[in-house]
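> Per the UniProt record's numbering, numbering through the sequence shown is continuous, rising by one, with the last residue being 275.
No wet-lab data here; the hints were simulated from the structure.
Where a beta carbon is used, it is the ideal one built from N, C-alpha and C, also for glycine.
Treat each hint with caution, since some may be false.
Stated by the list, open to error - BS3-like mimics (lysine-lysine), calculated; alpha carbons at most 27 Å apart, straight line:
1) Lys-131 to Lys-119
2) Lys-119 to Lys-109
3) Lys-182 to Lys-105
4) Lys-60 to Lys-73
5) Lys-103 to Lys-82
6) Lys-90 to Lys-105
7) Lys-137 to Lys-120
Stated by the list, open to error - Restraint-style ranges between C-beta atoms, simulated for each label pair:
8) Asp-206 to Ile-141: 13 to 21 Å
9) Ile-77 to Tyr-112: 47 to 55 Å
10) Asn-29 to Leu-70: 29 to 37 Å
11) Glu-68 to Leu-104: 20 to 28 Å
12) Val-56 to Ile-77: 42 to 50 Å
13) Arg-85 to Thr-113: 40 to 48 Å
14) Glu-143 to Lys-237: 13 to 21 Å
15) Leu-98 to His-122: 46 to 54 Å
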Amino acid sequence: MDRSEKEYQIMTEESEQPLASQRQMSGFNQDTFRRAVIDGIDQQFQMGLKELKTTVDVLKEEMDTLNEKLKGKQEEINNLSKLYRELQLKEKKEIELLDEINKLKTDIKEKYTREVALKKQHETSVARLTKEMDVSKTNLIRERKLLESHDESNADCKSAVLVLIGFPGSGKSETSNTLIGKRDFKAELQNFGPKLHQEVNSVFGDLHVNVRDIQSFESLNEFVDIYNSLIDLECRKVVFGLTIGIGRIPTGYTDTLKVYLKIMELGNILREEHL
1 MDRSEKEYQI
11 MTEESEQPLA
21 SQRQMSGFNQ
31 DTFRRAVIDG
41 IDQQFQMGLK
51 ELKTTVDVLK
61 EEMDTLNEKL
71 KGKQEEINNL
81 SKLYRELQLK
91 EKKEIELLDE
101 INKLKTDIKE
111 KYTREVALKK
121 QHETSVARLT
131 KEMDVSKTNL
141 IRERKLLESH
151 DESNADCKSA
161 VLVLIGFPGS
171 GKSETSNTLI
181 GKRDFKAELQ
191 NFGPKLHQEV
201 NSVFGDLHVN
211 VRDIQSFESL
221 NEFVDIYNSL
231 IDLECRKVVF
241 GLTIGIGRIP
251 TGYTDTLKVY
261 LKIMELGNIL
271 REEHL
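Using the sequences provided together with the hints, build the complete structure.
Right under this line is the structure:
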């Protein structure tokens with residue numbers, strides 16, 4: 001029952017009481033009565049207010065307690081949120097590490113495959129080279145035996161003749177001296193005589209070479225005489241060296257040279273149109 005209901009009850013009870021006698025009414029003081037009623041009402045109001053204040057204080061304490069608990073819960077929520085973010089970051093790093101591990105595994109597998117292929121290729125190459133080496137060794141032994149089986153009657157096979165030809169002033173003598181490494185050939189100031197050439201024996205490695213500096217020629221007739229003087233070279237290794245002075249080829253010399261090449265059957269090596 002609240003305060004207003006209590007006041008209403010008091011007033012109702014007072015109104016229901018029988019009216020006092022005239023004697024009693026003569027001694028009744030309305031101010032005192034009114035004050036008593038007001039004091040009663042105020043007392044009841046103060047008591048209700050005190051109870052209400054007590055209730056409010058209790059509610060405040062409970063609210064403060066709830067706020068403290070809520071604050072603690074909020075801290076727990078913040079901590080859980082932080083842990084959740086850390087967990088997400090950790091999971092992300094784990095995924096990245098797994099990707100790197102898988103990539104490393106793939107790289108290692110590919111590298112191993114390449115190494116195996118290279119090793120197999122190397123082994124194949126070594127086997128092929130070994131086989132080729134064995135064949136070359138066998139051929140070398142066979143060739144050596146063939147060389148050793150030749151008698152000294154074939155000694156000319158280890159010798160050769162180098163014949164230098166050219167027109168006057170082309171530098172045959174100087175070229176011959178350069179080849180043998182000494183100045184044995186003289187520049188022709190006059191006819192060589194019946195032999196129509198100068199010659200010097202030299203050695204290049206294990207090859208014996210007879211270097212011949214023949215007389216210069218400018219006509220077909222001169223060349224025929226020189227060619228006849230070389231008749232002893234038919235059955236030996238002969239190398240002809242042509243010396244040409246750049247910018248000093250006389251008129252008619254190329255025609256003579258063409259005839260010479262035809263006679264020596266060198267047309268297939270140096271064609272006429274290249275002269």
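> Compare the distance between the alpha carbons of Lys-137 and Lys-120 with 27 Å, and conclude whether the hinted pair is satisfied.
At roughly 25 Å apart (the allowed maximum being 27 Å), Lys-120 and Lys-137 satisfy the hint.
> Using the Cβ atoms, figure out if Asp-206 sits within 13 to 21 Å of Ile-141.
holds, 19 Å
> Using the beta carbons of Glu-143 and Lys-237, state whether their distance is inside 13 to 21 Å or not.
Holds, at about 18 Å.
> Are Lys-60 and Lys-73 close enough, with their CA atoms no more than 27 Å apart?
holds, 19 Å
> Quickly compare the C-alpha distance for Lys-90 and Lys-105 to 27 Å and report which way the hint goes.
holds, 22 Å
> When you take the CB atoms of Asn-29 and Leu-70, is the distance between them in 29 to 37 Å?
Given range 29 to 37 Å: violated, Cβ gap about 59 Å.
> Within 46 to 54 Å or not, the Cβ separation of Leu-98 and His-122?
Since the Cβ atoms of Leu-98 and His-122 sit about 36 Å apart, the hinted range of 46 to 54 Å is violated.
> Regarding the pair Lys-131 and Lys-119, is the alpha-carbon distance no greater than 27 Å?
holds, 18 Å
> Check the following: the C-beta atoms of Arg-85 and Thr-113 are separated by a distance inside 40 to 48 Å.
Hint holds: Cβ distance 42 Å, inside 40 to 48 Å.
> Are Lys-119 and Lys-109 close enough, with their CA atoms no more than 27 Å apart?
holds, 15 Å
> Is Lys-103 close enough to Lys-82, meaning Cα to Cα at most 27 Å?
With a Cα-Cα distance of about 31 Å, the restraint between Lys-103 and Lys-82 is violated, given a limit of 27 Å.
> Go ahead and decide if the range 42 to 50 Å is satisfied by the Cβ distance of Val-56 to Ile-77.
Hint violated: Cβ distance 30 Å, outside 42 to 50 Å.
Figure legend: structure checked against the earlier numbered hints; hints not met, in rising order: 3, 5, 10, 11, 12, 15.
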